[in-house]
Amino acid sequence: MKPAAYDYQRPETVDAAVELLAKARGTAKVVAGGQSLGPMLNMRLVHTECLIDISRIPALSEVSETQDEIIIGACVTHAALEDGRVPDATNGMLASIARGIAYRAVRNRGTIGGSLAHADPAADWVTALTAIGATVAIAGPDGFRRVALDDFMQSAFETVLGADEILAAVHIPKLSADARWGFYKFCRKTGEFADAMSAVVVDPARSWVRAVIGATDSRPVIITDASQLIDNPNEIDDVIIESGLSADAYDMAVHRSALWRAVQNVVPA
Amino acid sequence: MKDIAFLRSPLAHARIHSIRVPEHHQADVYTNDRLVDVKAIRAVTTLPGFKVSEQPVLAAGKVRQVGELIAMCVGRTRAEAEDIASDIIVDFEELPAVVRTAAALGPDSALVHEDWGDNIYLESNWDGDLAAARQAAAVTVTRSIRTNRQCMAPIEGKGVVAFWNSRLSQLVMYTATQMPHIVRTGLAECLGIDHADIRVISPDVGGGFGYKGILTPEEVCLGWLAMHCGHPVRWIEDRREHLVANANCREHEYSVTAYADERGRILGLEAEALVDAGAYSAYPFSACLEGAQVVSILPGPYVIPAYKCKAYSVATNKAPILPYRGVARTSVCFVIELAIDAIARAVNREPHEVRLDNLVPASAMPYRNVTGKDFDSGDYPESLRRAAAAIDVPKVRQRQQAGEPDGRRIGLGFATYCEQAAHGTAVYHGWGIPMVPGFEQAMARLTPEGSLEIRIGAHSHGQSMETTLAQVANQVLGIDPDRVKLVHGDTEYTPYSTGTWGSRCAVMSGGAVATVCRELADRVIRIAAHLMQVAPGDLTLEDGCVVAGQASMTLHEIAHIWYLKPQLLPPDVDPGGLDVTTGYKPKVDTGTFSYATHAVVVAVDVEIGEVEILDYVIVEDGGVLINPMVVDGQIYGGAAQGIGTALYEEMPFDDAGQPLASTFADYMLPGPTEVPHFRVLHMETPSPNTEFGVKGIGEGGAIAPPAAIGNAVNDALAPLGAEISETPITPRRILAALDAARRVGAS
Chain V
1 MKPAAYDYQR PETVDAAVEL LAKARGTAKV VAGGQSLGPM LNMRLVHTEC LIDISRIPAL
61 SEVSETQDEI IIGACVTHAA LEDGRVPDAT NGMLASIARG IAYRAVRNRG TIGGSLAHAD
121 PAADWVTALT AIGATVAIAG PDGFRRVALD DFMQSAFETV LGADEILAAV HIPKLSADAR
181 WGFYKFCRKT GEFADAMSAV VVDPARSWVR AVIGATDSRP VIITDASQLI DNPNEIDDVI
241 IESGLSADAY DMAVHRSALW RAVQNVVPA
Chain G
1001 MKDIAFLRSP LAHARIHSIR VPEHHQADVY TNDRLVDVKA IRAVTTLPGF KVSEQPVLAA
1061 GKVRQVGELI AMCVGRTRAE AEDIASDIIV DFEELPAVVR TAAALGPDSA LVHEDWGDNI
1121 YLESNWDGDL AAARQAAAVT VTRSIRTNRQ CMAPIEGKGV VAFWNSRLSQ LVMYTATQMP
1181 HIVRTGLAEC LGIDHADIRV ISPDVGGGFG YKGILTPEEV CLGWLAMHCG HPVRWIEDRR
1241 EHLVANANCR EHEYSVTAYA DERGRILGLE AEALVDAGAY SAYPFSACLE GAQVVSILPG
1301 PYVIPAYKCK AYSVATNKAP ILPYRGVART SVCFVIELAI DAIARAVNRE PHEVRLDNLV
1361 PASAMPYRNV TGKDFDSGDY PESLRRAAAA IDVPKVRQRQ QAGEPDGRRI GLGFATYCEQ
1421 AAHGTAVYHG WGIPMVPGFE QAMARLTPEG SLEIRIGAHS HGQSMETTLA QVANQVLGID
1481 PDRVKLVHGD TEYTPYSTGT WGSRCAVMSG GAVATVCREL ADRVIRIAAH LMQVAPGDLT
1541 LEDGCVVAGQ ASMTLHEIAH IWYLKPQLLP PDVDPGGLDV TTGYKPKVDT GTFSYATHAV
1601 VVAVDVEIGE VEILDYVIVE DGGVLINPMV VDGQIYGGAA QGIGTALYEE MPFDDAGQPL
1661 ASTFADYMLP GPTEVPHFRV LHMETPSPNT EFGVKGIGEG GAIAPPAAIG NAVNDALAPL
1721 GAEISETPIT PRRILAALDA ARRVGAS
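Residue numbers (this note's numbering), protein chains in the order written: chain V, 1 to 269; chain G, 1001 to 1747.
Where hints are given, some of them may not hold.
Stated by the list, open to error - Label pairs and their computed distance ranges (CB to CB):
| no. | chain 1 | residue 1 | chain 2 | residue 2 | range |
| --- | --- | --- | --- | --- | --- |
| 1 | V | Y103 | G | M1629 | 56 to 62 Å |
| 2 | V | D238 | G | M1629 | 38 to 44 Å |
| 3 | G | E1353 | V | D238 | 57 to 63 Å |
| 4 | G | H1677 | V | D88 | 55 to 61 Å |
| 5 | G | T1371 | V | R99 | 29 to 35 Å |
| 6 | V | R85 | G | E1353 | 54 to 60 Å |
| 7 | G | G1061 | V | R145 | 57 to 63 Å |
| 8 | G | A1103 | V | E49 | 42 to 48 Å |
| 9 | V | R99 | G | G1049 | 55 to 61 Å |
| 10 | V | R99 | G | H1195 | 43 to 49 Å |
| 11 | G | D1655 | V | E235 | 46 to 52 Å |
To be verified - Here are some, though not all, of the chain G residues that point toward chain V, as calculated from beta-carbon distances under 8 Å:
| no. | residue |
| --- | --- |
| 12 | R1076 |
| 13 | D1083 |
| 14 | I1084 |
| 15 | D1087 |
| 16 | I1088 |
| 17 | P1232 |
| 18 | R1234 |
| 19 | P1670 |
| 20 | G1671 |
| 21 | R1732 |
Claimed, not checked - Only some residues are given here: those of chain G computed to face chain V with a beta carbon under 10 Å:
| no. | residue |
| --- | --- |
| 22 | D1480 |
| 23 | D1482 |
| 24 | R1483 |
In case anyone wonders, no lab produced these hints; they're calculated from the structure.
Glycine included, every Cβ here is placed at the ideal spot set by N, Cα and C.
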């Protein structure tokens, strides 16, 4: 399990990274924490001519704040979020999600941007940040563009990122003080990939009542108006069936329970 | 040093029409035809009807499992060797794969070994007359029970470094093994050279559990290459090779029927078992270690008046089944213990009470059971009574009645087993496998400083033999354990031994060390008697000294005189000096029988099928304990692995014979958060047959957890009419069982 030979580049700026990507014309891979890409290269499931390591680009590890958003650089680690080294405007949701990702060793190196760009359906951030309504900033040859997470992931391990683009930052809307959230994931054991996962965010000030079902075979299932669901849990079965998650009895059962428990976990205001 | 990567078969069953190696790689690639004079691995038994599988160390014309070695590639680095392997093109003709044991026995099945005419290594039988039991039975329970295929997962896989020592004309192989002498014997056979031309060194191996107790084709390949290539070679098994190609175990399928009276007392037991032994007979334990054992050990620790069993060791296109801690016993315990709980439910009694009525009573010891196993000593029912008291059955039943605030269901499960350990010549000569254990030897040498070197042929890789055997030496010689050095893991320095397996080392190496130390003590005393001018009978050994009343000499002084001032020695001194080798066998070598009861309380989440262990009690009798902390460590580790068998670990295959868990992302092991605090209680019934009364105990912890946890889960699910009969007990299987119960309820 040793990777085939590849070149290695470590640009200092986002522009330089984008330029390297453009030159490589799809033969390069971006790496940050390497927690998913590393094993895939080792097992030769992924081949690349060149690894472009963006982990030392200072701008990508920055965190900034506007009136409405916290902007988290793509290379901020799960551990930084877990430890509260990033300002929180989610009433504790981000730190709580980060704490549940894999193991601490993975969290020390794995990054929020890497997790989204890798687009594993079972990744916690894909589900949780979609529930919050986050957007991502994507850097490319023509500058930056913003994409809502709702539209970012296309299917399992597929996103709208072009071959010459880098996910640069995640824009997380600030929740109001009385916003509430709930999250539940079911793993067979601590730190494993989830069999089922759901996140719910209720922010009355923004008229936001959203539920997201993750750990599906593809992109997360978004329930934009989940208020019905919260008032009437009996509708959960219909939601699961409509989402196409009922083909397998086990999947149906665990997704149903995860969504129901996420709804129940919504912390009372 | 060069690194080796193997090109392995991507297919489970295929004919190889050609292997094309690019011109520029030809010198660095070895296929079967280049390995001249290398014999296939043959692990035969003399059991009647056994069919021999020839396991070529590199595929010869056909591959029979995914991961089978096809070519050995030599590179400056492992990455380069893997590059070379990926450039080789093999022209396969895919054949139908033999994947499921039941189908493998069908008349239309493809054949793993064509010349056999079927896919059966061996059919094992125990014939008994069940007519009376069937007629008298108030209850009859029949179950289909399965333990799915697992992989052993020591922290490290296999690893080999080999080179040719031209000065000594000797092949030197460092390899991760728990039986260095047996690997040497296997290498001598396959490479056609003398034992004296081979030295096997086994350093710290990163855990064994049985997986390091086989001769692997990779070892033979590297041994041959080192003899011919003129430089050292290295192969480090990666986890994918380990999971996919090598460390498979435990796949059994049973149909079992138990007959009992209205109180649940067993009148008779009959069973048929299919053991998926995989594509080849692994050296030295063979392909039917498990299948043949099943027949003789299924009755467990119980009085079974009538018994009948048939077991097939079946060949399939999967990795060979290898002995894993507990060997067949883990599956067998799961079967008999689930059956007993099924009987208890049928007669509406507490399962532990039904068990008590069926266990061999202390008054019957020593006891020869229905299959002729000689249980040496113990009070099996007492271990169960203590476990029931410690887990507090009435309190658990109360909690169960009250219900949980979170809706989970509480379940209580028991399992009692006995474990045959350190079985020797008397047992293994009947199997006729390549290796029959005889006298276990130890060497003891007093150094000029009066320290003790002990050399054993077994291997310590987590068993703390360095500690335990030093304690044995202390017991006999009175020497400070800190001054005892254990030498092991090198065929050049140690006496021949079948190695570390079968929970045998405390009994066998411990007995050998006691015996050799006694002989050494005798020689020391005879020298001291002369020097101190007292009769040998007046001398004792204590605290590193030979003592007679007020007078004493240190071991240091005596050893110094033997080595450096021989003019002071008695004229009739034993010329063998302070260097002794001798051997040991227990009075009766059919094995010690340690035993235990495991009791567990679980909470089952019936919405998602998750099982949490709330309490876990183990009452264990391993005979006289040399070092209780070491024994506790063995129990904890084994029980953690047993929890893996019970709830997590599975190597599934698709219908083409592809193994589906090739990394630890797919092959799930219990971690620290899944292993509870075990409450371990000891009983100490000496074995009448062994030195100090010790019994083998190394595997026991891994035997009972699937049975105890399975029974606890079934106890929790019983009010819902659901029952589990397969390991691992996954959320998917629990929900499927609940679904099936609901459908039955609705119809």
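Consistency of beta-carbon spacing, E235 (chain V) to D1655 (chain G), with hint 46 to 52 Å: About 39 Å separates the Cβ atoms of D1655 (chain G) and E235 (chain V), which means 46 to 52 Å is violated.
Verdict for R85 (chain V), E1353 (chain G) (Cβ pair) under range 54 to 60 Å: Holds, since R85 (chain V) and E1353 (chain G) (Cβ atoms, about 58 Å apart) stay within the stated range.
Chain V contact restraint on D1083 (chain G) - CB to CB distance below 8 Å: holds (6 Å)
Hint status (Cβ of R1234 (chain G) to nearest Cβ of chain V, threshold 8 Å): Given a least distance of 13 Å, the restraint on R1234 (chain G) is violated.
Assessment of proposed distance window 43 to 49 Å (beta carbons of R99 (chain V), H1195 (chain G)): violated (57 Å)
R1483 (chain G) as an interface hint toward chain V, with CB separation required under 10 Å: violated (41 Å)
Range hint compliance [Cβ, Y103 (chain V) to M1629 (chain G), 56 to 62 Å]: violated (29 Å)
Interface hint status, P1232 (chain G) versus chain V (Cβ within 8 Å): violated (19 Å)
G1671 (chain G) as chain V interface residue, shortest Cβ-Cβ below 8 Å: Hint on G1671 (chain G): holds, closest Cβ of chain V at ~6 Å, below 8 Å.
Range hint compliance [Cβ, H1677 (chain G) to D88 (chain V), 55 to 61 Å]: violated (35 Å)
D1087 (chain G) as an interface hint toward chain V, with CB separation required under 8 Å: Not OK, violated: D1087 (chain G) not within 8 Å of chain V, min 11 Å.
Status of the hint placing D1480 (chain G) at chain V (closest C-beta pair under 10 Å): violated (41 Å)
Violated hints, listed in ascending order, are 1, 2, 3, 4, 5, 10, 11, 12, 14, 15, 16, 17, 18, 22, 23, 24; each of the other numbered hints is respected by the structure.
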